[in-house]
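2 protein chains.
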Amino acid sequence: MRINHGFHATMNAQPGKGDEVVALLLDAPSLPHPDCVVFLVGRSAGDPDVVHVTEGWTSPEAHAAFFATAPAQALVAALQPLLAGSAYSDEVPVGGKAF
Amino acid sequence: MRINHGFHATMNAQPGKGDEVVALLLDAPSLPHPDCVVFLVGRSAGDPDVVHVTEGWTSPEAHAAFFATAPAQALVAALQPLLAGSAYSDEVPVGGKAF
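Just so you know, the protein sequences line up as chains A and B, in that order. The numbering of the first sequence is the UniProt record's numbering, which starts it at 1 and goes up by one. The numbering of the second sequence is the UniProt record's numbering, which starts it at 1 and goes up by one.
Simulated from the structure, these hints should not be mistaken for laboratory data. Incorrect hints may have been included.
When chains are identical, the list treats them as one kind, so a pair holds in a single copy or across two.
[To be verified] Quick list of in silico lysine to any residue cross-link-like pairs, SDA-like style, CA-CA up to 25 Å: (1) K97 <-> A78; (2) K17 <-> V76; (3) K97 <-> P71; (4) K17 <-> V50; (5) K97 <-> A28; (6) K97 <-> A74; (7) K97 <-> A77; (8) K17 <-> A62; (9) K17 <-> K97; (10) K97 <-> A62; (11) K17 <-> A28; (12) K17 <-> A45; (13) K17 <-> L31; (14) K17 <-> A74; (15) K17 <-> A70; (16) K17 <-> S86.
Full structure from sequences and hints, please.
Right under this line is the structure:
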């Protein structure tokens with residue numbers, strides 16, 4: 001299995017900011033990164049300000065190295081004022097299909 | 001967007017049954033179905049008996065029609081004795097990448 005690190009995040013956007021959060025995530029620098037195997041963005045059907053992302057990386061070290069880069073920190077900085085809170089679970093992708 | 005229906009499920013397997021649940025899901029008849037756009041299986045890093053699946057379908061009707069088929073009901077029947085419980089959220093995949 002190529003994935004050795006992952007998580008599922010649920011982000012609560014500030015009211016009305018769900019669209020901006022989704023747009024930022026769909027343009028995340030994680031997506032073209034070769035160590036990022038899964039980056040699935042989702043959204044609550046009932047509350048457009050609840051946004052989810054499931055990530056799977058080749059290793060914790062690869063994710064940490066990416067997270068320290070300027071593009072990753074720029075995304076964190078752009079998201080921060082748009083979010084009221086977030087919660088993580090230790091879900092690690094193991095297989096299936098997506099986009 | 002091709003996806004108009006989806007959910008995120010967290011299944012608590014009976015103790016020690018997580019491997020069997022994951023194996024059944026990775027062989028699910030949803031995977032080759034053309035109306036199933038996303039079917040991402042995940043697992044808790046901390047508890048191998050906690051299994052997740054994120055699904056995205058072209059429409060609620062397509063999912064309902066699939067769910068009524070014999071292969072889908074056979075999967076439900078195979079999973080049922082392996083599970084202690086499950087919980088759903090209304091997460092609908094909107095984009096990203098995976099396997």
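Structure-based check of all given hints:
For the homomeric pair K97 and A78, the shortest alpha-carbon distance between copies (21 Å) is at most 25 Å, but the shortest distance inside one copy (29 Å) is not. For the identical chains of this complex, K17 and V76 are intra-copy neighbours only, at 15 Å inside a copy versus 38 Å across copies, given an alpha-carbon limit of 25 Å. In the homo-oligomer, the alpha carbons of K97 and P71 lie at most 25 Å apart only across protomers (19 Å), although the nearest pairing inside one protomer, at 27 Å, exceeds that limit. For the homomeric pair K17 and V50, the shortest alpha-carbon distance inside one copy (9 Å) is at most 25 Å, but the shortest distance between copies (32 Å) is not.
In this homomeric assembly, K97 and A28 come within 25 Å of each other (Cα to Cα) both inside a single copy, at 20 Å, and across copies, at 11 Å. For the identical chains of this complex, K97 and A74 are inter-copy neighbours only, at 21 Å across copies versus 29 Å inside a copy, given an alpha-carbon limit of 25 Å. Taking CA atoms no more than 25 Å apart as the test, K97 paired with A77 passes between copies only; the shortest distance there is 23 Å, against 30 Å inside one copy. In this homomeric assembly, K17 and A62 never come within 25 Å of each other (Cα to Cα): the closest approach is 30 Å inside a single copy and 31 Å across copies.
In this homomeric assembly, K17 and K97 come within 25 Å of each other (Cα to Cα) only across copies, at 23 Å, whereas the closest approach inside a single copy is 29 Å. For a Cα distance limit of 25 Å, the shortest separation of K97 from A62 qualifies both inside one copy, at 22 Å, and across copies, at 17 Å. Within a single copy, K17 and A28 get their C-alpha atoms as close as 17 Å, which meets the 25 Å cut-off; across copies the closest is 36 Å, which misses it. For the identical chains of this complex, K17 and A45 are intra-copy neighbours only, at 15 Å inside a copy versus 31 Å across copies, given an alpha-carbon limit of 25 Å.
Taking the shortest alpha-carbon separations for K17 and L31, only the intra-copy value of 22 Å comes in at or below 25 Å, while the best inter-copy value is 33 Å. In this assembly of identical chains, the alpha carbons of K17 and A74 lie at most 25 Å apart only when taken from the same copy (18 Å versus 42 Å across copies). Taking CA atoms no more than 25 Å apart as the test, K17 paired with A70 passes inside one copy only; the shortest distance there is 24 Å, against 42 Å between copies. With identical chains, the CA atoms of K17 and S86 are at most 25 Å apart within one copy only, with a shortest distance of 14 Å there and 30 Å across copies.
In terms of the numbered hints stated before, the structure departs from hint 8 and from no other.
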